Amino acid sequence: MSTGPKPGRKATFTAHDAVDAAIAEGIDRFTLSAVAERLGVVTAAIYRIFPSREDLAIACLDRAGSTIKTPEPDLHWRDSLRLWANECWRLCEEYPGLNRAVFAHPAATTRIESVVARYGENLVSQGKTVRQSMFALDFLGDTVFASHLGVEALRTIHENGKTGLDLMRDAVVSEDALFQPEESWAGRTIMDTKVEFILLGLEQHWPEF
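Residue numbering for the sequence shown follows numbering that gives the first Met the number 0, starting at 0 and increasing by one per position.
These are calculated hints, taken from the structure and not from any lab test.
Treat the hints with care, since some could be wrong.
The list that follows gives simulated cross-link-like pairs (lysine-lysine, DSS-like), each with its CA atoms no further than 27 Å apart [claimed, not checked]:
1) K127 x K193
2) K127 x K68
3) K193 x K68
Estimated spans, in silico, between C-beta atoms of each pair [claimed, not checked]:
4) Y46 x T192: 44 to 54 Å
5) D16 x G126: 20 to 30 Å
6) L166 x A23: 21 to 31 Å
7) A106 x Y46: 20 to 30 Å
8) A170 x D61: 24 to 34 Å
9) G126 x L166: 39 to 49 Å
10) A170 x S65: 38 to 48 Å
11) Q203 x T30: 15 to 25 Å
12) T128 x D16: 35 to 45 Å
13) K161 x A23: 38 to 48 Å
14) E92 x R47: 27 to 37 Å
This one's a predicted model, so the numbers in the text were calculated from it and none came from an experiment.
C-beta: ideal position from N, C-alpha, C; glycine also.
Please model the entire structure based on the sequences and the hints provided.
Shown next as structure tokens:
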């Protein structure tokens with residue numbers, strides 16, 4: 000007598016598997032039907048674990064947020080903010096679509112409240128106010144996510160086989176044009192420069208959120 004799966008038996012999966020599938024599809028663009036197809040199940044099976052797409056999207060944000068490194072208590076505030084910027088960039092690189100999802104979900108930062116608190120504690124211990132800490136973390140986070148969106152556009156390969164950077168180069172008609180696209184634009188060089196510029200500014204004046 001056969002002991003294998005019965006004909007038509009649905010594949011089993013976990014919430015972890017569903018999150019993996021959604022991340023693979025892209026946190027900003029996945030559909031429940033696409034997730035179900037990746038898992039080899041019907042869409043209705045996803046609803047038994049995640050009542051809505053929003054619930055699965057939040058689970059994806061939670062997964063990404065759980066990997067964020069936090070500063071040691073004695074880390075200098077500049078290095079703490081550099082770490083924050085580095086982690087925001089890493090999340091964008093490792094979790095496709097997260098940059099757009101963060102802007103699309105106004106409450107996204109509430110999913111990493113404990114992480115933000117650790118950074119805040121580090122900054123407050125060095126004389127910054129809670130609201131100053133909020134400003135710096137928000138400003139840097141927005142800068143990194145927005146910068147990554149631009150880099151992503153330059154990396155994208157279009158139907159003609161050219162990248163966004165190639166198309167930008169093609170659009171430059173004069174050697175005297177202010178913007179002369181360089182290969183480094185498709186990396187994090189400019190973002191790092193922006194971060195250092197912000198840190199330099201904070202040494203002179205630190206606004207509150």
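Hints, one by one, checked against the model:
no.: 1; hint: K127 x K193; verdict: holds (21 Å)
no.: 2; hint: K127 x K68; verdict: holds (21 Å)
no.: 3; hint: K193 x K68; verdict: holds (21 Å)
no.: 4; hint: Y46 x T192: 44 to 54 Å; verdict: holds (46 Å)
no.: 5; hint: D16 x G126: 20 to 30 Å; verdict: violated (46 Å)
no.: 6; hint: L166 x A23: 21 to 31 Å; verdict: holds (27 Å)
no.: 7; hint: A106 x Y46: 20 to 30 Å; verdict: holds (22 Å)
no.: 8; hint: A170 x D61: 24 to 34 Å; verdict: violated (40 Å)
no.: 9; hint: G126 x L166: 39 to 49 Å; verdict: holds (47 Å)
no.: 10; hint: A170 x S65: 38 to 48 Å; verdict: holds (41 Å)
no.: 11; hint: Q203 x T30: 15 to 25 Å; verdict: violated (47 Å)
no.: 12; hint: T128 x D16: 35 to 45 Å; verdict: holds (43 Å)
no.: 13; hint: K161 x A23: 38 to 48 Å; verdict: violated (26 Å)
no.: 14; hint: E92 x R47: 27 to 37 Å; verdict: holds (32 Å)
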